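> Here is what each chain is made of, one letter per residue.
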Amino acid sequence: MQATLIIVSYNGRELLAKSLPAALAAARRAGDHLVVLADDGSTDYSIHFAATTYPQVRVLAFPHRGFGATCNAAVAHAETEAVVLLNSDALVSPDFLPPLLEDLSRPNVFLVGPKFLNADGSLTDTLGNRTSCRWHRGLLSIHHETDPDLLRETAPQLYANGAAMAFRRDKWLSLGGFDPLYRPFYWEDVDLGYRAWGRGWRVLYEPASEVVHEQGSTVKRGHRAAYVELMSAKNAVLFTWKNFLDRGLLCRTLAAQVRWAADDVMIGGPLPRACALLAAFRQLGEATRARAGELRERTRSDQEIMAASGAER
Amino acid sequence: MSAGSGPMLLLSFARRGEEEAIRAAMDAVGAQCPGARWAAIGTPASAPVFRSLGLGEVLVSGDRVSPRQLLRMARAQRPQAAVIIYSGPGTSGHLKLELVALAVAAPKVYRFVPGEEARPLGRFCLLGPVAAKLVQAGARVAVGALVCMAALCWLSLKDMAKGGRHARRP
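Respectively, the protein sequence lines represent chains A and B.
1 is the number of the first residue of the first sequence in this note's numbering; add one for each residue after it.
1 is the number of the first residue of the second sequence in this note's numbering; add one for each residue after it.
Incorrect hints may have been included.
Claimed, not checked - With a straight-line cut-off of 30 Å between C-alpha atoms, the simulated DSSO-like cross-links for lysine-lysine are:
1. B:K96 <-> B:K108
2. B:K162 <-> A:K171
3. A:K171 <-> B:K158
Just so you know, the hints here were simulated from the structure itself, not pulled from any lab data.
Remember, it's a predicted structure, so these values are computed and weren't measured experimentally.
With the sequences and hints as input, model every part of the structure.
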């Protein structure tokens, strides 16, 4: 199976100096795979750097429009059966590609996520490994497995972290890629995985493929921490409004969100959660339209999705 | 304050990384009240943190003990003081802990903010900030209820217009 490795970058010239050679080495080792730099309107001369230092890399220059939209545009340009999306701070191992492509050739597999490691090779606080749904005080939360014993085998997972994921391009296009509802960032990858499960496809975690990644480093470089937290909370709310088609589940989640709105007063934390709800409310119309699409396309109920992807209630 | 009566009641969410702040608060209060006995109210998640700090007496809410029973047990110990440890800068949030401090009827309350020195307050001095925070929390719940009710009504209407509330079966 042929693959295109797309590195999505915004003002990440320093990061590209490490991640581009790693991606090129992995692509070369696995065969004749293409490496593409999808630039999201950088102003740090990333494109010039990549074009002059690594002439074998194909460069796609887009105007600045955010991570999800740039990924969608770049995947639309790809021509291979498989696509691998990588953040500019994701350092892939030389043997990164073959296990992912092997998983993608299995029946009904749409999306595969590698094993994420810290720079020192540890798993402490890593995000994106064998992901699943959990429930905390009535609200959906995402569990990222960190137990080494549970990270040794290929397993189903809820979604693959957008920092490094491999997928079948035809299925991506049929899903419409990342939903722009989640702009500027976060939760678009969770949404993609959930929708894939909802269509009866599978999402896998593949430990034989390894990536070193510092979670959030690209986002945190360009934005204030409070803004990042607000956007993440807003998108968590929008995710439930869009995707929970089961009436009972939606009602329980909304009731928990009412209580959650006062959590910054009750238990502390800098995020004014009521603001996150209001920010989500501004996008209610958009979420409703996206939900209508889900109503048309779903072949699995919410409970079936959570059970299949390894959720614990 | 004599060290012979009830314990000092530690109130903290005891999140990961807060052990040092809790230890500092215990040392500071311990310096003012030598020989003070310590107890804490916790959850199954925070109890191990308290125990790792050497607190033998941790009242834990859970399946068997309701919050109301827990408060009754804490009040029965007649705590000398409630010691509230705030997680971040300032005393915003943490209404839950402040309500517990009022509910256990400790005559004094210490409020520890990281990097600031704590002085004991009379219990009734806590009433003002608590009332203000209750208003804030009420306003947020009202906003949340309005937003979520509107979202539920809108989404339900649109679901029905699209011909169903359940996932299409294969």
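> For a C-alpha distance cap of 30 Å, please report whether B:K96 and B:K108 respect it.
The hint holds at about 17 Å.
> Is it true that the CA of A:K171 sits at most 30 Å from the CA of B:K158?
Given that 30 Å is the threshold and the Cα spacing comes to 27 Å, the pair holds.
> Taking 30 Å as the top limit, are the C-alpha atoms of B:K162 and A:K171 close enough?
24 Å, holds
This entry satisfies every hint, going by the numbered hints stated previously.
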